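Visitor: Residue strings, one per chain:
Number of protein chains: 2
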Amino acid sequence: MNDLPADLVARLDALLGARFSRAEAVRAHHGGGGMHLPALPPQAVAAVQSLSEIVETVRACAAHATPIIPFGAGTSLECHVGAARGGVSIDVSAMKNVLRLSSEDQDCTVEAGLTRVALNEYLRHSGLFFPVDPGADASLGGMAATRASGTTTLRYGGMRENVLGLTVVTPDGRVIRTASRARKSAAGYDLTRLFIGSEGTLGVIADLTLRLHPIPEAMSAAVCTFASPAGAVSTVIEAVQCGLPLARAEYLDALTMRAVNRAFATHHAEADTLFLEFHGSADDVAHYAERARMIADTHGGGAFRWASDTEARNDLWAARHRAGLAALSLRPGARPWSTDVCVPISALASCVEAAKHEIGALGFPAVVLGHVGDGNFHVVLLIDAAAPDEVSAAKRFNDALVARAIAAGGTCTGEHGIGLGKRAALRAELGEAVDLMADIKAALDPQGIMNPDKIFAVAET
Amino acid sequence: MNDLPADLVARLDALLGARFSRAEAVRAHHGGGGMHLPALPPQAVAAVQSLSEIVETVRACAAHATPIIPFGAGTSLECHVGAARGGVSIDVSAMKNVLRLSSEDQDCTVEAGLTRVALNEYLRHSGLFFPVDPGADASLGGMAATRASGTTTLRYGGMRENVLGLTVVTPDGRVIRTASRARKSAAGYDLTRLFIGSEGTLGVIADLTLRLHPIPEAMSAAVCTFASPAGAVSTVIEAVQCGLPLARAEYLDALTMRAVNRAFATHHAEADTLFLEFHGSADDVAHYAERARMIADTHGGGAFRWASDTEARNDLWAARHRAGLAALSLRPGARPWSTDVCVPISALASCVEAAKHEIGALGFPAVVLGHVGDGNFHVVLLIDAAAPDEVSAAKRFNDALVARAIAAGGTCTGEHGIGLGKRAALRAELGEAVDLMADIKAALDPQGIMNPDKIFAVAET
Chain V
3 MNDLPADLVA
13 RLDALLGARF
23 SRAEAVRAHH
33 GGGGMHLPAL
43 PPQAVAAVQS
53 LSEIVETVRA
63 CAAHATPIIP
73 FGAGTSLECH
83 VGAARGGVSI
93 DVSAMKNVLR
103 LSSEDQDCTV
113 EAGLTRVALN
123 EYLRHSGLFF
133 PVDPGADASL
143 GGMAATRASG
153 TTTLRYGGMR
163 ENVLGLTVVT
173 PDGRVIRTAS
183 RARKSAAGYD
193 LTRLFIGSEG
203 TLGVIADLTL
213 RLHPIPEAMS
223 AAVCTFASPA
233 GAVSTVIEAV
243 QCGLPLARAE
253 YLDALTMRAV
263 NRAFATHHAE
273 ADTLFLEFHG
283 SADDVAHYAE
293 RARMIADTHG
303 GGAFRWASDT
313 EARNDLWAAR
323 HRAGLAALSL
333 RPGARPWSTD
343 VCVPISALAS
353 CVEAAKHEIG
363 ALGFPAVVLG
373 HVGDGNFHVV
383 LLIDAAAPDE
393 VSAAKRFNDA
403 LVARAIAAGG
413 TCTGEHGIGL
423 GKRAALRAEL
433 GEAVDLMADI
443 KAALDPQGIM
453 NPDKIFAVAE
463 T
Chain C
3 MNDLPADLVA
13 RLDALLGARF
23 SRAEAVRAHH
33 GGGGMHLPAL
43 PPQAVAAVQS
53 LSEIVETVRA
63 CAAHATPIIP
73 FGAGTSLECH
83 VGAARGGVSI
93 DVSAMKNVLR
103 LSSEDQDCTV
113 EAGLTRVALN
123 EYLRHSGLFF
133 PVDPGADASL
143 GGMAATRASG
153 TTTLRYGGMR
163 ENVLGLTVVT
173 PDGRVIRTAS
183 RARKSAAGYD
193 LTRLFIGSEG
203 TLGVIADLTL
213 RLHPIPEAMS
223 AAVCTFASPA
233 GAVSTVIEAV
243 QCGLPLARAE
253 YLDALTMRAV
263 NRAFATHHAE
273 ADTLFLEFHG
283 SADDVAHYAE
293 RARMIADTHG
303 GGAFRWASDT
313 EARNDLWAAR
323 HRAGLAALSL
333 RPGARPWSTD
343 VCVPISALAS
353 CVEAAKHEIG
363 ALGFPAVVLG
373 HVGDGNFHVV
383 LLIDAAAPDE
393 VSAAKRFNDA
403 LVARAIAAGG
413 TCTGEHGIGL
423 GKRAALRAEL
433 GEAVDLMADI
443 KAALDPQGIM
453 NPDKIFAVAE
463 T
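Residue numbers (our numbering), protein chains in the order written: chain V, 3 to 463; chain C, 3 to 463.
None of these hints come from the bench; they were simulated from the model.
Just a few of them, taken from the derived set where beta-carbon distance is under 7 angstroms, the chain V residues facing chain C:
{"no.": "1", "residue": "I178"}
{"no.": "2", "residue": "A189"}
{"no.": "3", "residue": "Y191"}
{"no.": "4", "residue": "D192"}
{"no.": "5", "residue": "G377"}
{"no.": "6", "residue": "I442"}
{"no.": "7", "residue": "I457"}
Listed next, the stretches of chain C that the computed footprint assigns to chain V, with coverage defined by at least 3 CB atoms under 8 angstroms from CB atoms of chain V:
{"no.": "8", "segment": "154–164"}
{"no.": "9", "segment": "191–205"}
{"no.": "10", "segment": "376–383"}
This one's a predicted model, so the numbers in the text were calculated from it and none came from an experiment. We treat Cβ as the ideally placed atom computed from N, Cα and C, and that holds for glycine.
Can you build the whole structure from these sequences, using the hints too?
Guide: The structure is reproduced here in structure tokens:
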């Protein structure tokens with residue numbers, strides 16, 4: 003890879019001073035990787051603090067056809083922030099102001115570097131919250147870029163449903179607003195949804211206007227065990243079919259529960275488990291909970307353990323959110339490879355069971371957990387990265403998992419995205435539709451400088 | 003305009019026989035218009051019956067660079083189906099098969115010509131329904147193309163939220179699937195949402211995979227009058243802020259109510275009125291209704307009149323759906339011009355009141371009604387199309403309505419779309435973002451044959 007042009011370095015030095023860095027430690031922090039993909043550090047990092055600094059940085063890079071990689075919190079899972087073709091990482095993590103909050107309209111505008119936890123902390127006394135919860139404390143810009151969703155999607159939707167509009171810097175440095183603040187619009191192409199999930203390949207998200215939701219009067223979470231994944235999944239299917247408004251419906255397999263117990267010294271039963279949550283008025287929540295219990299009963303569910311006060315609920319969800327990391331306790335020193343697929347819910351039990359069957363033959367541990375109300379589940383494979391046979395077995399497992407999901411009418415990724423890791427899977431899933439995506443990429447980024455090689459290899463565009 | 007090439011005519015004659023027509027009566031039926039815009043009949047109509055006939059017709063037209071205008075039920079309001087540059091109308095109204103229905107997954111795949119009423123008729127015994135309700139019995143393909151929404155958007159979302167994927171024929175005759183059947187996906191650009199609202203300018207929608215919803219155990223509608231638009235709007239704002247799950251929240255002004263009474267021999271009070279609806283369990287609905295009544299009380303609402311059985315509810319909503327037509331009874335022989343805007347709900351009362359103030363000075367009647375829970379409202383102007391001063395006054399009124407909506411952070415159209423009528427308004431609202439849309443149009447339709455002049459004038463692309 004060639005060095006960055008001296009002229010570009012001088013221009014960004016002048017613009018950003020010490021916030022433009024080519025130091026190895028800084029670059030290493032921005033290279034992604036860490037899971038199944040190697041880190042790909044950028045050649046430099048531009049730690050911008052404003053929209054105008056994004057614009058100037060993009061214009062400088064565009065003038066030299068130098069790649070640009072937007073960077074938020076670096077929590078993505080398919081090496082989205084890796085500099086596959088070198089270039090400059092534009093780190094927006096210092097841009098974390100809340101620019102506007104309207105209680106009456108239940109919306110706000112925030113800079114792209116603000117994280118979801120920080121936003122909810124800011125909103126604490128407003129009676130409102132931002133529901134999208136992918137687990138990690140990701141930046142909101144990154145969550146939009148990867149079309150994040152997570153545990154509350156069933157009730158509140160993911161980023162697709164909760165972003166009203168974006169301010170985006172185009173690859174040639176123009177600033178556009180994708181939409182007004184109206185709750186709905188029929189005004190032209192849906193640029194908001196085009197940028198949501200574009201993984202930094204079409205422009206840099208500078209700020210987001212987000213839908214907020216009233217904090218429910220009551221929230222209640224429950225844990226229930228089952229004798230099989232099918233019992234847990236059938237419970238959720240039936241609850242959804244009855245129109246029961248589940249706020250969260252998470253499945254964790256027996257091995258995940260063992261890992262959670264080990265990592266957090268909890269005493270959950272080590273069995274196929276559902277974590278459920280209901281939001282509403284106190285009456286609503288009690289009513290929903292009773293109906294859920296009755297449905298679980300018919301599918302072999304054990305007793306419900308309830309957690310209604312905030313602390314008990316937070317403990318429960320902290321365990322859920324850290325389950326992937328907890329899995330590491332099953333094999334200290336292993337590298338976790340977290341993959342996800344999403345299938346029509348009718349195919350969920352069979353896909354989960356097929357995955358669990360194959361895990362049994364892998365020779366290393368892997369846990370299954372997921373947002374089963376949406377048909378979305380994760381497998382975290384715990385591999386010895388130094389053992390080529392384990393890496394290739396994990397790769398075969400992932401390929402088979404994806405192939406089964408696609409054959410069942412599902413998608414190769416429900417929420418992790420394509421990045422570098424699932425480009426072939428995207429093509430297998432959508433075929434020629436990927437050519438339309440590449441046409442759009444070429445039209446909006448003719449130099450191919452925005453996060454190159456992500457979603458599609460450079461040769462495809 | 004030149005005649006259609008003889009070779010194209012021969013090719014489509016051979017393909018479709020009598021279903022390819024250049025008869026004046028058939029063409030006249032496909033020209034749109036009728037509201038404030040003149041009809042623009044196509045040069046011929048291809049009444050296709052299958053995906054492969056769409057493909058062959060598109061390929062034939064593409065070979066001659068002949069414009070293609072997709073046509074469903076012809077109920078759109080901004081002359082979306084008019085042949086602004088001549089060409090062939092591809093009428094999919096005979097394609098109305100339900101291709102697949104899954105109760106377990108609560109989804110179905112339907113051909114683009116099926117109407118929403120016909121789909122719900124088909125679903126009648128399934129326990130499921132398709133909620134999106136723009137009023138007119140539009141085709142589902144057309145509803146996707148115009149990003150339709152309507153009375154139930156508040157609770158269920160519009161087409162944007164209720165389409166899982168589309169089969170689209172591209173302008174060069176390729177068949178693509180935009181997405182899998184998974185409830186959510188992070189696999190590449192959101193082509194589904196790009197085609198939803200593209201108004202036929204990017205391809206022909208052949209079929210749609212739709213989310214369905216369980217028919218609620220109980221539904222209850224209510225009518226309540228207010229002394230001002232502000233009282234009605236404030237009631238809805240407060241209900242939304244409290245997290246009350248309104249299924250429908252419709253505002254009709256006093257003149258609309260007078261028109262409804264005249265047209266349907268009903269005896270509603272002729273005042274600012276809210277039509278509300280709640281869905282849920284019988285207990286939920288009773289509980290929501292009581293809370294809504296208490297909120298309305300604090301905003302000067304009169305007594306609630308309830309309609310809980312199906313027949314009474316249907317009568318109520320039939321009156322709402324036909325209110326726009328009923329308005330004609332206020333001025334027999336007038337031409338109705340129906341426009342819509344959507345604003346943040348905090349600006350709704352002032353925008354409605356400003357519109358009503360200006361209506362007072364117009365010299366001809368106009369009614370105001372809308373989906374106030376979303377901030378979306380309609381004005382139906384009843385003009386004498388032969389009086390140029392009325393036409394220009396109506397145009398000035400519409401321009402001012404749109405300008406106020408944009409100034410308030412809203413959009414020039416919440417659900418009617420851009421078509422031919424609101425191209426300048428789109429530019430006023432989104433500025434340079436429209437250039438990105440035009441770039442996408444040029445990339446996916448390089449010959450510019452798909453419904454040319456809609457959304458942007460040909461010169462913009």
